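K.L.:
The residues making up each chain are set out below.
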Amino acid sequence: MTAIRTSAQVERRARWVTALLLGPSFLWYLALLVVPLAVVVVFSFGERAPAGGYQAGFTIANYLNLPARSAAFRNTLLLAPLGTIVCLLAAYPLAYYLAIKASPRLRLFLLILVIVPFWTSFLIRTYAWMFILGGRGLPSVIEWLGLGEVRLINTPLSVLIGMVYGYLPLMVFPIFVSLERLDKRLIEAAADLGSNPWRSFLQVTLPLSAPGVITGCMLVFILLMGEYLIPQLLGGGKVFFIGNALVDLFLQSRNWPFGSAVAMSLVIIMLATVTVYLRVTRRYGAGRDVSLL
Amino acid sequence: MRAYSFAIYLFLYAPIVLIVLFSFNSGNNASDFQGFSTLWYGKAANNRFVIEAVTHSLIVASASASLATVFGTMAALAVQRVRGAARLFFDAMTYVAIMVPGIVIGISTLIALVTTFGLVNEMLTAIWPGDPATAPQLGMGFGSIIAAHTLFSLALVIVIVRARIAGMDRSLMEASADLYASPWGTFRQVILPLILPAVVAGFLLSFTFSFDDFVVAFWVAGSKTTLPIYIFASIRRGVTPEINAIGTVVLTVSLILLFSAQLMLRRGEKAKPKTA
Chain A
1 MTAIRTSAQV ERRARWVTAL LLGPSFLWYL ALLVVPLAVV VVFSFGERAP AGGYQAGFTI
61 ANYLNLPARS AAFRNTLLLA PLGTIVCLLA AYPLAYYLAI KASPRLRLFL LILVIVPFWT
121 SFLIRTYAWM FILGGRGLPS VIEWLGLGEV RLINTPLSVL IGMVYGYLPL MVFPIFVSLE
181 RLDKRLIEAA ADLGSNPWRS FLQVTLPLSA PGVITGCMLV FILLMGEYLI PQLLGGGKVF
241 FIGNALVDLF LQSRNWPFGS AVAMSLVIIM LATVTVYLRV TRRYGAGRDV SLL
Chain B
1 MRAYSFAIYL FLYAPIVLIV LFSFNSGNNA SDFQGFSTLW YGKAANNRFV IEAVTHSLIV
61 ASASASLATV FGTMAALAVQ RVRGAARLFF DAMTYVAIMV PGIVIGISTL IALVTTFGLV
121 NEMLTAIWPG DPATAPQLGM GFGSIIAAHT LFSLALVIVI VRARIAGMDR SLMEASADLY
181 ASPWGTFRQV ILPLILPAVV AGFLLSFTFS FDDFVVAFWV AGSKTTLPIY IFASIRRGVT
241 PEINAIGTVV LTVSLILLFS AQLMLRRGEK AKPKTA
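Protein chains in written order, with the UniProt record's numbering: chain A, 1 to 293; chain B, 1 to 276.
No lab work stands behind these hints, which were simulated from the structure alone. There could be a bad hint or two in this list.
To be verified - To give an idea of the interface, some chain B residues facing chain A are shown, with a C-beta separation under 8 Å as derived from the structure: (1) PHE11; (2) ALA75; (3) VAL96; (4) PRO129.
As the list claims (entries may be wrong) - Taking lysine-lysine pairs in the DSBU-like style, the calculated list, with each CA pair at most 35 Å apart, reads: (5) B/LYS224 x B/LYS43; (6) B/LYS224 x A/LYS238; (7) B/LYS43 x A/LYS238.
This structure is a prediction, so every number in the text was calculated from the model and none was measured. Idealized CB from N, CA, C, for every residue including glycine.
All chains should be built: construct the whole structure from the sequences, respecting the hints.
P.N.:
Written as structure tokens, this is what we have:
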């Protein structure tokens with residue numbers, strides 16, 4: 001073995017090892033996150049070059065111009081929270097059934113059935129809804145049933161359906177984990193103390209599943225805010241999200257500085273919402289359980 | 001409640017069943033089923049662009065998932081030994097990498113790279129000894145997609161592996177050190193077996209996310225078409241059963257991967273006492 005080292009040498013060596021272990025990730029964060037985001041910040045204060053792209057300058061005109069894309073901001077800020085809430089309402093009963101009602105043997109199988117769609121191509125799953133909601137899918141069935149003519153595709157409703165469909169598994173999972181951890185004797189105790197099932201649910205089960213609910217809502221909300229594919233494929237360019245506005249600004253109008261300002265606003269809105277959300281919820285002791293997966 | 005759950009499963013699987021069903025359509029219209037045929041599988045398998053896109057996606061997904069898993073695991077092991085500004089920076093960046101939407105990551109990487117490449121390429125041309133037109137030029141391609149995918153996978157691996165380390169019994173490491181194991185020995189014989197399920201899960205998740213990613217790749221791919229980029233372009237050109245056939249194959253492969261991962265993780269769970 002090697003010679004005996006003094007504690008100072010050991011400590012110095014340990015520091016080197018730590019630095020080497022962290023090095024690659026550090027570089028990655030710096031080169032592909034910090035620098036690019038800094039470039040976006042700089043660009044957002046610049047001017048559009050005559051032929052498109054970026055030209056150096058310092059102006060806040062891009063930020064003042066944000067209302068020009070208010071439709072995209074409005075759609076995102078209405079539909080992302082709404083989608084999260086609908087997702088939660090749809091997912092909770094399923095998570096409850098899986099964690100509390102289903103037999104242990106069936107549970108694992110049913111749980112895997114929930115994740116399977118999430119592991120399959122998002123693009124193809126969303127494309128399937130173009131198919132179902134399109135003129136020859138559900139609308140023709142509804143018409144055949146004599147319930148009148150409806151148009152589903154390219155409406156806010158179809159975008160909402162796509163969003164709930166796409167992210168439902170991500171909501172079910174954390175809620176299931178919270179509910180499964182819950183000590184079932186607490187529910188029995190509530191019943192013994194004369195509480196009816198509904199009241200036990202509201203006063204025992206629901207508060208104890210709050211960490212899972214919060215994690216699920218955060219994950220889904222974050223992903224919905226930056227959504228591009230669902231509004232593109234199911235909204236048909238009529239239900240524009242900020243993501244779609246960004247593609248339009250960078251590729252069609254080639255207005256990089258304005259696009260950068262829109263991108264920055266999206267990031268700021270998201271970070272602010274999530275930070276406030278975490279602050280508020282941490283007070284209820286939920287913070288510790290908020291893991292990302 | 002059982003009926004409700006059944007309805008949710010119906011909602012989750014109806015689109016998938018439709019995709020699979022229509023991939024066997026013999027007609028070339030995606031919305032009328034005209035008879036059973038495997039015609040479109042053959043067409044997809046012989047489509048040069050599909051093969052190329054699949055190859056590109058496999059290269060990108062395996063490279064970025066491997067890089068992210070190795071670097072992420074290294075960082076997860078080291079990060080709790082760091083305090084102060086470096087720790088703050090690291091935690092903040094992991095948080096930001098997960099929070100910032102893919103579309104913003106894609107755009108910002110694109111403009112940062114275009115700007116940097118522009119400067120570097122100008123310099124390369126200036127110092128190139130021969131004909132300036134033959135000077136090597138940097139551009140978008142595998143390098144940029146792999147780098148961008150590694151970024152978000154890296155944050156994911158760090159979060160997953162750190163969660164696992166947090167649930168680990170520290171006394172095992174101390175015991176190993178007391179028994180004169182070298183730090184490397186402790187890592188190989190104690191830490192690695194304990195965190196392996198998380199490392200494997202991190203790799204598989206990274207691989208899937210990279211293979212499935214359209215939004216980031218769309219910006220930084222240059223001329224390298226990945227499978228989601230190909231599918232997206234095909235959808236815009238019009239719907240054919242060929243996309244359904246490709247989709248069905250992708251679904252099947254994902255399923256096989258998912259089940260093998262599940263099997264491995266459960267084997268890992270059985271081998272040691274249950275934590276948490």
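K.L.:
Does each hint hold? Answer for all of them.
P.N.:
Verification of the hints:
1. Because the beta carbon of B/PHE11 sits about 7 Å from the nearest beta carbon in chain A, less than 8 Å, this interface hint is met.
2. Because the smallest distance between the Cβ of B/ALA75 and any Cβ of chain A comes to about 4 Å, under 8 Å, the interface hint for this residue holds.
3. Using the Cβ-Cβ criterion of 8 Å, the hint placing B/VAL96 at the interface with chain A is satisfied: the shortest such distance is roughly 6 Å.
4. At its closest, the beta carbon of B/PRO129 sits 29 Å from a beta carbon of chain A; the interface hint therefore is violated under the 8 Å criterion.
5. For the hint linking B/LYS224 to B/LYS43, the alpha-carbon distance of about 22 Å falls within 35 Å, and the restraint holds.
6. Between B/LYS224 and A/LYS238 the alpha-carbon distance is near 30 Å, which keeps this suggested pair within the 35 Å criterion.
7. Restraint check for B/LYS43 and A/LYS238: satisfied, since their Cα atoms lie roughly 34 Å apart, inside the 35 Å limit.
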